[in-house]
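Given the sequences, and given the hints that come with them, work out the whole structure.
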Amino acid sequence: MSLDLRVPMGLMFTLVGMILTSFGLATNGEAIYAKSLGINANLWWGLVLLVFGLTMFFLGRRSQKRLAKLPPEPVDKTLSRLGH
Amino acid sequence: MLNLTAVDWLIMLLYFVFVLGIGFALKRYMKTSKDFFQAGRALPAWICGLAFISANLGAQEVIGMGASGAKYGLETAHFYGIGAIPAMIFVGIFMMPFYYGSKARSVPEFLRMRFDEKTRALNACSFAVMTVFSSGISMYAMARLIQALHVFDGLFYALGWPQQGIFTFSIVLSAVIVLAYIFLGGLTSAIYNEVLQFFLIIAGFLPLVLLGLRNIGGWSGLKASVPAQYMHEWHGVAHASTNPMGIEIIGLGMGLGFVLGSGYWCTDFLVIQTAMASKNMAAARKVPLIAAVPKIFFPFLVILPGLLAIGLPTPHTTTTERNINGMIVRETNVVPHNVEEGRGLVPAKINPVTGQPMYMANGEPLLDYDMATPNMLLHFFPTGILGLGLTALLASFMSGMAGNVTAFNTVFTYDLYQSYIHKGGTDKHYMAVGRWATVGGILLSIATAYAAINFNNIMDTLQLVFSFVNAPLFATFLLGMFWKRATGHGAFAGLIAGTSAAMLHHGLTLPIEAHPGIHGGWITVVHQYPSDMAQNFWGAIFAFGANFIVTVVVSLATKARPESELVGLVHSLTPKPPKAHDVWWKSPEALAVAVLLMAVALNIFFY
Numbered sequence: 001m002s003l004d005l006r007v008p009m010g011l012m013f014t015l016v017g018m019i020l021t022s023f024g025l026a027t028n029g030e031a032i033y034a035k036s037l038g039i040n041a042n043l044w045w046g047l048v049l050l051v052f053g054l055t056m057f058f059l060g061r062r063s064q065k066r067l068a069k070l071p072p073e074p075v076d077k078t079l080s081r082l083g084h
Numbered sequence: 001m002l003n004l005t006a007v008d009w010l011i012m013l014l015y016f017v018f019v020l021g022i023g024f025a026l027k028r029y030m031k032t033s034k035d036f037f038q039a040g041r042a043l044p045a046w047i048c049g050l051a052f053i054s055a056n057l058g059a060q061e062v063i064g065m066g067a068s069g070a071k072y073g074l075e076t077a078h079f080y081g082i083g084a085i086p087a088m089i090f091v092g093i094f095m096m097p098f099y100y101g102s103k104a105r106s107v108p109e110f111l112r113m114r115f116d117e118k119t120r121a122l123n124a125c126s127f128a129v130m131t132v133f134s135s136g137i138s139m140y141a142m143a144r145l146i147q148a149l150h151v152f153d154g155l156f157y158a159l160g161w162p163q164q165g166i167f168t169f170s171i172v173l174s175a176v177i178v179l180a181y182i183f184l185g186g187l188t189s190a191i192y193n194e195v196l197q198f199f200l201i202i203a204g205f206l207p208l209v210l211l212g213l214r215n216i217g218g219w220s221g222l223k224a225s226v227p228a229q230y231m232h233e234w235h236g237v238a239h240a241s242t243n244p245m246g247i248e249i250i251g252l253g254m255g256l257g258f259v260l261g262s263g264y265w266c267t268d269f270l271v272i273q274t275a276m277a278s279k280n281m282a283a284a285r286k287v288p289l290i291a292a293v294p295k296i297f298f299p300f301l302v303i304l305p306g307l308l309a310i311g312l313p314t315p316h317t318t319t320t321e322r323n324i325n326g327m328i329v330r331e332t333n334v335v336p337h338n339v340e341e342g343r344g345l346v347p348a349k350i351n352p353v354t355g356q357p358m359y360m361a362n363g364e365p366l367l368d369y370d371m372a373t374p375n376m377l378l379h380f381f382p383t384g385i386l387g388l389g390l391t392a393l394l395a396s397f398m399s400g401m402a403g404n405v406t407a408f409n410t411v412f413t414y415d416l417y418q419s420y421i422h423k424g425g426t427d428k429h430y431m432a433v434g435r436w437a438t439v440g441g442i443l444l445s446i447a448t449a450y451a452a453i454n455f456n457n458i459m460d461t462l463q464l465v466f467s468f469v470n471a472p473l474f475a476t477f478l479l480g481m482f483w484k485r486a487t488g489h490g491a492f493a494g495l496i497a498g499t500s501a502a503m504l505h506h507g508l509t510l511p512i513e514a515h516p517g518i519h520g521g522w523i524t525v526v527h528q529y530p531s532d533m534a535q536n537f538w539g540a541i542f543a544f545g546a547n548f549i550v551t552v553v554v555s556l557a558t559k560a561r562p563e564s565e566l567v568g569l570v571h572s573l574t575p576k577p578p579k580a581h582d583v584w585w586k587s588p589e590a591l592a593v594a595v596l597l598m599a600v601a602l603n604i605f606f607y
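As given, the protein sequences belong to chains E and H, one line each in that order. Everything in the first sequence is counted per our numbering, starting at 1 for the first residue and increasing by one. Everything in the second sequence is counted per our numbering, starting at 1 for the first residue and increasing by one.
Read the hints as simulated data drawn from the structure, not as lab findings. Where hints are given, some of them may not hold.
Under the rule of at most 25 Å between Cα atoms (straight-line distance), these lysine-lysine pairs were calculated in the DSS-like manner [unchecked claim]:
(1) Lys27/H <-> Lys65/E
(2) Lys71/H <-> Lys223/H
(3) Lys423/H <-> Lys103/H
(4) Lys428/H <-> Lys27/H
(5) Lys423/H <-> Lys118/H
(6) Lys35/E <-> Lys223/H
(7) Lys31/H <-> Lys65/E
So this is what it looks like as C-alpha cells:
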C-alpha cells in the first residue's frame, strides 16, 4: 500500500492544531474560558495537536521517501506475503 | 444551551473532508476483491492494531462506559481488565495462527474449513443480520444524542429548516459519509479511518479528563467527592451484595472474562477482520496485542469522565449582582430543572410526556447516566475545542458503524452470495457485489434506526437476541481449534443447544426488582439474580456449558474427519509458526507478557 496513513492524518491534526492555536490566541483572556477553569484550552491543546500532527506528517513523509528509493516490490503477491 | 461558532463547524468540516479524502485517495488501489475486502492483506501491524480497538470504540463504548462509570464507579474497569485484555492476548497468541494461517477470508469461512457447510451458513446468516442491526442501533443512538445535545439546532434555525428534520439529517449525514468512504476504499479505507478516529477520540477526550480532574482537585479530590466503593475495582467482589454492580467473582471471571469477553474478542469478525488484513503472520498475531496496550489505559479516557461527572458539584440557578460604573447588573444563570435535580453533572431523566424529572419509588431522582460524558463536554469545553470534542463523539459513532458495514459486506459477498447464490463469478463481479452490499447494508441499518423510533423496545429486544446467539460461540471455536476430534455435526448441534440454553435461562430467571417480560422470567421465575448484569453473565456461562457438552457428545458419536484435512486448522496438527528472524523482545510472546504485566499492575493500583 503506497499511501502512508501518517501523512493525511498528520496533515489533519496540523490543520486542527493551527485553527485551535490561532483561535486561542485571538480570544486569549476572554470570558469563554471561564468554562475551562480560566485555562486557554484552545491555545494549549492546539499546540499539543500541532506538535503531534507535524511529527506524524514528517515521519510518514520520511518513510514514503525511503520506500520510493527502494527497488519496486515483486509483483507476485503470494511471494511478497511469504517474505519477511 | 449549546452555542457553536464558526470555528467549531470548521473543525467538524475539516474532519469530514479528510475522511472522504482518504476514501478517494485509496480508490485507485482497489483493483481486486482481495484489496477491497481484505485490504490486500498488506497493512502494518500498528495500523491494524489501532483499528482493532477503534472498531469496538463505537457509541456504546464511549457513552456506555461513561454512563457505567457514573453508575458503578471504577468497577466498570472490569470490562477492560477481565472482559478484554486476557481475551485479546489469547486471540493473538493462540488463535490468530489458525485464522490467518488458514487463509480464510472471514470467520464463517474458517468455520466451513474446520467444520462444515451448515455450521458456516448458520454463523454467516446470524452474523450478517446482527451486524446490520447493530449499526442501525448505533445510528439511532447517535441521532438521539445529536438531538439531545442540540448540535444542529442552531444550523437548522439559521437555514430555516424544521427542527423535526434533525433526526433524519443526522442519520443521512453519517450514513452517506460512511457509505462513501467504504464504497471507494473498502476495508483499507475503513481501517485507515478507524485509526484516524482513534486519535481524534483521544484528542477530544483527554483534555476533558484533565480539566475535570483539575476542577475536582486531582485524584485525591475525586476520591473525596464520590462514595468510597466507587474508587475500588476489586473491593467486595467476593459477594454480590458488597459491590455496586451486584455480581460475584465466579460470575465475573467465568461469565465476563471467559465466555463473553472471549466470545467477542476472539470470534467476532468485526474485530478479527482488522487483524486478518495485516501483512504477515507475525504482524497478525501482534495486532490484538498492540490493541491491548491502549485498551489498558482506556478506562482513564472513557470511564473517568462519568465518574467525574457524578463527583462534581451540581449546578444550580444563580443570580449574581455586579456593580459596573454605578449601574447594577443582575445576571441570572438559569439551570434546567432536571439538571438541578440530578447528581453532579448527571441530569435526572425527563418523562417524555410531562416534561418533568422522573423519580424512583424512594423519592430519589432517576438519573440519565447516558448524558454523563456528553454533559462533561458541554460543561468544560469553550467554543473551539468544543467542536473538536463533538467531532470526536461523531467519529466514535462512525467508526463503530464502519466496522459493522465492512464485516457485513465481506460475510455477505463471500459466505452467502458466492457460496449459495452465484458461484464461479469473476473477481470483478464479486467486488461490485461487495460495493452494492455496502449500500444495501447501510439502507437496512437506516431502516433499523427508524424502526427503533416507533418500537421502544426494539433495541433491548435485539440486544437480548444477540446475547443468545453470541454467548455460546466461543465454545465452538475453542473446541474446533484445540480438539481435533470435534466434528461439524457436533459444532452445529452445540451452537443450537447453546443458544437454546441461553434462551431457557433467560426465561426462567429474573433480576431483583424487575417484572417478568423483556428482563426475563417469561416462562416462570425459578431463580432471582441480584442484578441484570449477574443474570447476563450466568446466562453466558450456561450457554457456553451447554454448547461445550453437546459438541463433545455429538462429536464422539459422529465420524471424525481425517487428520490430513485438518492441518493448519487444529493446534495439535499444525506445525509451530516459523520463528521470525526478529530479536526475542520483538516477538508476539514477549509483547503478550509485557501487556499482561501492565494489566496486572493497573489492577493492583485500583484495588
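| field | Violated constraints from the hint list, given by number and in increasing order | value | none
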